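A.B. asks: Single-letter residue listing:
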Amino acid sequence: MIFAKVIGTIVSSQKDESLNGKKLLLCKEVDYKGNPLKSYHIAVDAVQAGEGSFVLLSFGSSARMTEATKNAPIDAVIIAIIDDIQITQTLK
Amino acid sequence: MIFAKVIGTIVSSQKDESLNGKKLLLCKEVDYKGNPLKSYHIAVDAVQAGEGSFVLLSFGSSARMTEATKNAPIDAVIIAIIDDIQITQTLK
Amino acid sequence: MIFAKVIGTIVSSQKDESLNGKKLLLCKEVDYKGNPLKSYHIAVDAVQAGEGSFVLLSFGSSARMTEATKNAPIDAVIIAIIDDIQITQTLK
Amino acid sequence: MIFAKVIGTIVSSQKDESLNGKKLLLCKEVDYKGNPLKSYHIAVDAVQAGEGSFVLLSFGSSARMTEATKNAPIDAVIIAIIDDIQITQTLK
Amino acid sequence: MIFAKVIGTIVSSQKDESLNGKKLLLCKEVDYKGNPLKSYHIAVDAVQAGEGSFVLLSFGSSARMTEATKNAPIDAVIIAIIDDIQITQTLK
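Protein sequence lines correspond, in order, to chains V, H, U, E and B.
According to our numbering, the first sequence is numbered sequentially starting from 1.
According to our numbering, the second sequence is numbered sequentially starting from 1.
According to our numbering, the third sequence is numbered sequentially starting from 1.
According to our numbering, the fourth sequence is numbered sequentially starting from 1.
According to our numbering, the fifth sequence is numbered sequentially starting from 1.
Bound conformation, chain V alone (with noise of 0.2 Å):
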């Protein structure tokens, strides 16, 4: 999994009707200093996670495993919202 920060909404009417309901949310890949990355990602919400929220992305056949998204034909899951993260080891 990957962090990522929550920064939009994707607005579709013409869709899979599977998606019906779902919440697809644009997320930006940041590193777990909080620091944006490059890519980002549309990925359906499990978690009412809201705008700027900082996310655990899941991904791949992994992403259907939750209640909201099962035998949808998405890749991309929001499956927790991050309350703080433990550093406890440094790496030259």
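Computed beta-carbon distance windows for the label pairs:
{"no.": "1", "chain 1": "B", "residue 1": "29", "chain 2": "V", "residue 2": "37", "range": "22 to 32 Å"}
{"no.": "2", "chain 1": "B", "residue 1": "11", "chain 2": "E", "residue 2": "37", "range": "14 to 24 Å"}
{"no.": "3", "chain 1": "U", "residue 1": "35", "chain 2": "E", "residue 2": "36", "range": "28 to 38 Å"}
{"no.": "4", "chain 1": "V", "residue 1": "39", "chain 2": "U", "residue 2": "13", "range": "38 to 48 Å"}
{"no.": "5", "chain 1": "B", "residue 1": "35", "chain 2": "E", "residue 2": "52", "range": "30 to 40 Å"}
Calculated directly from the structure, the hints in this document are not laboratory data.
Because the structure is a prediction, the values reported are computed rather than measured.
All C-beta atoms in this analysis are idealised placements derived from N, C-alpha and C, irrespective of residue type, glycine included.
Following the hints, complete the assembly by docking chains H, U, E and B onto the known chain V.
C.D. replies: For chains H, U, E and B alone, kept in the frame of chain V given last:
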């Protein structure tokens, strides 16, 4: 998922029979501002996208979860046409 | 999916038995204009592609969805020979 | 699979319920000499790894094949703690 | 699939129990001329590969499709030892 713009159509007569009747579209990846990125993908269309459409692509086993793509040997599908992206957060 | 050109054949006598009788082809990734890119892939042929063919490659679990590849431990398959690509949009 | 070093712990109270009781660890990718690389991953611990452990990470649907992770929406898991790497070949 | 050269062995006593008895090999990715590339992978051996072998690696859920790897939480497997690569096309 990522954003893309549909820029062309693939013509193939010799192909896996499960692809018969499926529309194979050439999609250029774009960022959330619509600027073209380097990657392109060939995806099956599940939402009646047209040339020039701004779309959402899903990959991997999840790409087989639409009516248009189930059990087919394809790893990318267009699952939505984007109407709008509402950016509510800025990242420095 | 991505485009590739078939540039060679793999010879292997000691291999997983599910690969017996399968044609393993060396494929160089190309862009939609046919220009070679850096990546190469070894893929199973599901469509009677030949040396020099311009083909479509599919990856991951989707690569096991053809008659030639089902249940085999392979992650790339040739699913179509490209006749033509009709580009209808330009991106600055 | 790749090598990583465990460098921290993720704290999250609002998460998919399947994650309750699972340890989410921050892992920095390292090369086979132990030198840190650029990527990091958040992975579930299946082997009682601790802070600073040198571990093996597995990804994708395979990450759901341990007792600790089955059916959970996670795409990375720690499957082993590395005792030693015996390098027997050199590559120029 | 990609090519790799086996350059070492992983020793681990604390690991997911499904890994007991499986040989975990350190593999350096090489191009089709045998030149080492930057990536390395740890893969399970399904074909009695040895140190220095020039092999074919398969990834993802497909890596679990051999007798040696089924249901194990591993995402990379050695499926063939390469005898020869016959290049028949040149790309400028």
